[in-house]
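**Student:** Listed here are the chains, written in short residue letters.
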Amino acid sequence: MGSARETSVASDTFAKLLREHAVRRGDRPAFRHKDFGLWQTWTWAQVYNETRASAAGLIGLGLDRGHTMAIAGANRPKLYWSMTAAQMIGAIPAPFYADSVADELATLLEHAEASVVIAQDQEQVDKILSTRDRLPRVRHILYDEPRGLGDYDEPGLHALAAVMAKGRAALVDAIASADLDRRIDAGKGSDPSVILYTSGTTGRSKGVVLSGERSIVAARSTVAFDRLTERDEVLAYLPLAWVGDHYLNYAQGYVAGFCMACPESADTAAGDLREIGPTFHFAPPRVFEALLTGVEIRMEDAGAVKKWLYRRFMEVAKRWGERIANGEKVPFSARLAYGLGDLLIYAPLKNALGFSRIRVAYTAGEAIGADLFAFYRSIGLNLKQLYGQTEAFLYVTAQADRAVRSDAVGPPAPDVYVRIASDGEVQFKSPGMFVGYFREDDKTREALTEDGYVKTGDAGFFEADGQLKIVDRAKDVGRLVNGQLFPPKYIENKLKFFPNIREAVAIGDGREFVTAMINIELASVGNWAERNNVSYASYQELAAHPRVTEMIGAHVDAVNHALSREPMMAAAQIRRFLILPKELDADDGELTRTQKVRRRFIAERYAPLIDGLYNGAEEASIAAEITYEDGRKGKLVGASRIVDTPPYPKAPEARAA
Amino acid sequence: MTEAADAILLAVENVSLSFGGVRAISDVSFDIRKGEIRAIIGPNGAGKTSMLNVVNGFYHPQEGRITYRGRTRSRMKPHDAAEQGVARTFQNVALFKGMTTLDNIMTGRSLKMKRGLIWQALRHGPALAEEIEHRRVCEEIIDFLEIEHIRKVPVGALPYGLQKRVEFGRALAMEPTLLLLDEPMAGMNLEEKEDMSRFVVEANRQRGATIALIEHDIGVVMDLSDRVLVLEYGRKIADGVPEVVKADPKVIDAYLGLGH
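Going down the list, the protein sequences come from chains P and L. With our numbering as the guide, the letters of the first sequence map in order to residues 1 to 657. With our numbering as the guide, the letters of the second sequence map in order to residues 1001 to 1260.
With a straight-line Cα cutoff of 30 Å, these simulated DSBU-like cross-link-like pairs (lysine-lysine) come out:
| no. | chain 1 | residue 1 | chain 2 | residue 2 |
| --- | --- | --- | --- | --- |
| 1 | P | 307 | L | 1152 |
| 2 | P | 188 | P | 443 |
| 3 | P | 350 | P | 329 |
| 4 | L | 1034 | L | 1114 |
| 5 | L | 1097 | P | 307 |
| 6 | P | 582 | L | 1193 |
| 7 | L | 1114 | L | 1077 |
| 8 | P | 350 | L | 1152 |
| 9 | P | 329 | P | 469 |
| 10 | L | 1077 | L | 1034 |
| 11 | P | 34 | L | 1193 |
| 12 | L | 1112 | P | 34 |
| 13 | L | 1193 | P | 633 |
| 14 | P | 34 | L | 1114 |
| 15 | P | 306 | L | 1097 |
| 16 | P | 429 | P | 455 |
| 17 | P | 635 | L | 1193 |
| 18 | P | 475 | P | 582 |
| 19 | P | 306 | L | 1152 |
| 20 | P | 596 | P | 582 |
| 21 | L | 1250 | L | 1193 |
| 22 | L | 1152 | P | 34 |
| 23 | L | 1097 | L | 1114 |
| 24 | L | 1097 | L | 1112 |
| 25 | L | 1097 | P | 34 |
Keep in mind that the hints were calculated from the coordinates and are not lab data.
The following block holds chain P by itself, in its conformation from the complex (with noise of 0.2 Å):
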C-alpha cells in the first residue's frame, strides 16, 4: 500500500489531508482511545465528521481565519480533532505542555494571542482560571473531561462535547455544512498551519510557525524513507507540543493514513504499549534507559534458572545480534544459538515491552549510550537515531535501516542539506523549515544565515561515513584556563551513561580543571540500597551515603579512565565531584520542560556548591528553594560531600575511542 504514491498533491493542509483519508480509505481505523478500560476506535470517515462537527462548534464561538486557538493537555483524540477543526477555519493551533505551570501556560497563551483554549480536564482549566486577569484575549475555554467541573460558573467556559454537539446541530443546515467545505478549500499550504513553542533550553520559549505545505512535504519524504503505510500504528503518548509529536503522529499519521492510539493515561502508557504493539515508535534516550532499568531489576530478582538464561543469551545477543541486524555474514552456530535465544529470552522480552511489532524505532533528544543501544538493537529492535529540531519540523539527519551507529546520528534526511559553519555550527535548509518565530521577526532573523540557512546553536562534524556526530551546544563548548577543550554535554553523557546516575552538571569554563554535580538515580541506586542493607528515608539521605558516594567515585573514576584515552579530552577529566542534595527539577527551573539542565540557573542556585568545588572545601552547603506540585515553595537545606578523584595519565598511544 503505497500511500505515498495514492495521495494526490492538492493536499497541502492537514484539514484537505484529513477530507482525503475519509473518501479513500474511510473505514480505516484512525484514532484510538482507551476509555473505561476498552480501545474506542475511529475510522477516518468518523474523525472527518467529529473534526467538522468541531471546526462548526469553534466557528459558532467566534473563532476565525487567523485567530490562535491553544491546546493544553494530554494526548486525547478530541483534542487532535480540535487541532485539525482550527486548521479547517484558517485558525492557528497552539499545543502547550500540559505540565507547565499556571504562570508559565499563562505568559506563553498571553504570546500566542490564543482567544480560544481547549483544556483537557479541571487541572488545565483550573491554571488558566487563576491567571485568567493576565488573559484578556482567552474568550472561551474548552474542556474534555467534565469531571469536578460541574458546578463551576465561569463565563466563557464550556464542554467541548457541548461545542461540538452544537457544531454537528449546526451542520444539517446545507449552507453551513457549504460554508466550512468553502473554508477547507479556502486554506492554503503556506498558510501557517501551527504554533509550536519550543521548550526553552536556551532561555524564554519561542513560538515557531509551520507551514501545512511544508510540512506536509517533510513528512512525505520520511514516510517514503521508512516505508509506512496505512497499516502502520502509533501509539500517541509523546508531549502533544513537542515537535516529535507533532511530526512523528500527527502529521506522518494524516500523511500516511495510519491509526494513531492514544493511551488512557499518562501512568498506564506502558501497560497500553503493550496492549497496541505499535509498529513505528518514538522514545528519548532515557525511556530506553529506564524500561533496561527495569528489565535488569526484575532479573535481579528473577530465579537462578531464569537469571541464567538471561545473562548466557545476552551475551549471545551482544556477540552476534547487531550484527545479524545489520545483514553480515557469521557462522551457522551463532545464528542457531541467536534463533534459540530469540525463542527463549528476545521475542518474550520484546513483547513485556510492547516492542514485538516495531518495524522502526526512533531515538533522539540526548546522546544514547552505546551499551544502551546495544542492548536493543542486539535483541533485533530496529532502533535508529536522528537528529532534528522544531525549527526543522523535526529532521535533519536520520539513520537508514542497516546503517546504523550509537555515536552518530546519521546522514542528512531526505531533502535537507547540511553544512558546518566554520565556528563547527550545524547549519541546514529542510523542507519542513519553519516560516518564523511567531510575533519575533528578529528572532527569526537572528536564527538564520544571509543564505537561508537555520542555524542550529548545535556543534558537530561529519564522520568518514557521512554520518554526522553533535558534540555540544556551541556556546557551550568552553575552554579551561590552559586552553583545552571543555563540551561539558560530552562528559556529563559520559557520566549520564551508568545507571546509577540520573543527571550530571559538568563546570570546567574558564577553570583549573573539571568538575562535577551528580543526581543519583534513585530507583536504581534505591533498589541497590535495598539488596545491601543500606536504609534512608529519602533521596538526600541516600544521596549523602558514604557509600554511594564511594559507589558514584567509582563511575566517575571510569570516566576519567575513558577520557584520558581521547587525545582531545585527556586533560578534561573529572578532578572533583560532589553528589547534589535534591533532584534536579523542571518544576524548579533546573530542567527545561524536555529534562534538558539550564546550565546557567544552575550555576546561580548552586554557587555555593560550586565554590567548594573550587575552593579545596571537603564539604558545602546550600539552601535552595524548591516548589512543591501544588504550587507552594518551600526551602530545602542540604550540605554535599565533595570528593577527589585523581586523573590518569594522558595515553598517547591510544585510539580516540
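Model the placement of chain L on the given structure of chain P, informed by the hints.
**Tutor:** Structure of chain L alone, referenced to chain P:
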C-alpha cells in the same frame, strides 16, 4: 436547602452498647440528614467504630432505636443493611488481596446481580449483558478514582494509599444511599489526603451519597463535613456545625486539646 434534602435519613435514639461489663456507647442520639457529610470524631476508644458497626447492623445495641429511611428497627444484619443501601469501608483495609482492583470493585456489585450463579458461570445471554453493565459501572468508578493504571494489579501488591482508594471504590460500586467511611485517610500523606478529600466531596455532590465518616485529621474534618458529632468514652459531648464544635470547650479539652 429544600425540605427533601433536609430530610432525616438515619436517626439514632438513645443507643447504648456494652460488651460484658464494658460500656462502649452510652445513651447516644444523633441523626444524619439526606445528602450531608457527617463526621464522627473523638479520642481513641471513644466508640466511633462501634457506632458505625451499630449503624450497619454488625453490632446490636442493648438499648435504643435506629430509624433508617423511616423504618425503625432494633436488629438488622449487615447484609440487610447492604441491601438497603448502606456501604462501608474499614479502618484496616478489608479487600481480597489476591484479586485485582477491578475484581474487588466488581464484588461491590454482587448484590445488584439479578441472574443466578449458574447463569453467571455460563456468561451467556442476559447474564453477559448484565455483567457488561456492571463492568461499565465499575469502569466509571475506576475512572472517577483515577486508578486506571492498577486496574489489573492484585490489590495485595498495592501501596496502602491505593488500597484505601480501591476499598472506597468497592463501596461506591454498591451505589450506596449511606456511605460509612472508617478513617478513609489514615496513614496517608498530604497529597493522598487531598485526593481522597476530593473523591469524598465528589461522591457526595455528584454521586449523591450521604456520607458518615470517622476521621482523625481535624483539618480534613472541618473542611469536609457539614456537621460533626463528637464522642468521648462512649458519650456524646458535642454535635453541630464545625465552627461551633471547634469552639466548644468540652471538645477542646477532650480531643483537640491533645494536639495543643
